[in-house]
Amino acid sequence: MDRRAELSTFLRTRRARISPDEVGLRSTGRRRVPGLRREELAQLAGVSVDYYVRLEQGRAPGVSAEVLDAVANALRLDAAERAHLRDLSGSGRRAARHAPPPERVRPGLRRLLEMARDVPAYIVGRRCDVLAWNHMACALFTDFGALPAEERNWGRMIFLNPGIQALYADWTIKAKETVSYLRLKAGAYPGDPVLAALVGELSMRSEDFRHWWAEHDVVDKTHGRKTFHHPLVGELTLDHETLRIADEPDQVLITYTAEAGSPSETALQLIGSWSTPLTGRA
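Going left to right, the sequence shown walks through residues 1 to 282 as the numbering used here numbers them.
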């Protein structure tokens, strides 16, 4: 990934989202592009127009944290977008130019997954690979262990696996989240050839992925609610939570739970009782 080109496009797409009226600027003259002009953004951030132009073009090495914060504030970036901006500018804490080492899940975390007998749970790595899982995760989604290792990846499953696609009541939301998370990680690891190959493959095989990748949106994994159309029990709505792994900041443990006493809780219990226990070992 060309970090300078990515930084330029990211800043331009963020400028395009904001109108002068939104930030209290008077719109004057004919505007050839949507959103803020470079000089308007520079004014809001309190930097010279020349400096901002060089920053947007990737020609401002050693940019300070204060300037990045000022630009981020002017662009109204959220936490994930701010982290992405730092990575693209070369000042991110985790930005890495070389391929990162293979990911391993600690035995204690695998035991924790297996002990969560009533809660679908799995661990995802930096490339959206499913690194470990429990019986209930297989019951809800798919038998991860039966998939080839390269297919145990949310990017490939969401865009290339019809069975997984059919599970989501709003596939578009899940798909956009997946694209945006992969872009966030691509900014942190521009030298990762495996991640680059994954993005290239999905861009070639999915028009939707290619379209959303070009939007340069980024999002981190947090929490939320998803509705599923499960082939055994029909519709169920579950809340998901993301837990960061200590000492492994790129690994997250994701759990799904249902409201107590709800039809979804009953459906989740039925899914677990009807399926065969499986271990989460790759």
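In case anyone wonders, no lab produced these hints; they're calculated from the structure.
A portion of the hints provided could be inaccurate.
What the hints assert, rightly or not - Label-pair ranges, simulated between beta-carbon atoms: (1) D239 x Y51: 27 to 33 Å; (2) T227 x M204: 26 to 32 Å; (3) E22 x S273: 49 to 55 Å; (4) D69 x G261: 43 to 49 Å; (5) S262 x Q165: 39 to 45 Å; (6) P249 x P107: 39 to 45 Å; (7) T242 x W171: 32 to 38 Å.
What the hints assert, rightly or not - Heads up, simulated DSS-like pairs for lysine-lysine below, C-alpha to C-alpha not over 25 Å straight-line: (8) K174 x K221; (9) K226 x K176; (10) K226 x K174; (11) K221 x K176.
Fair warning: this is a prediction, and the values are worked out from it, not measured in the lab.
Glycine included, C-beta positions come from ideal geometry on N, C-alpha and C.
ask   = Which hint numbers does the structure go against, in order from smallest to largest?
value = Those not satisfied are hints 1, 5, 6, 7.
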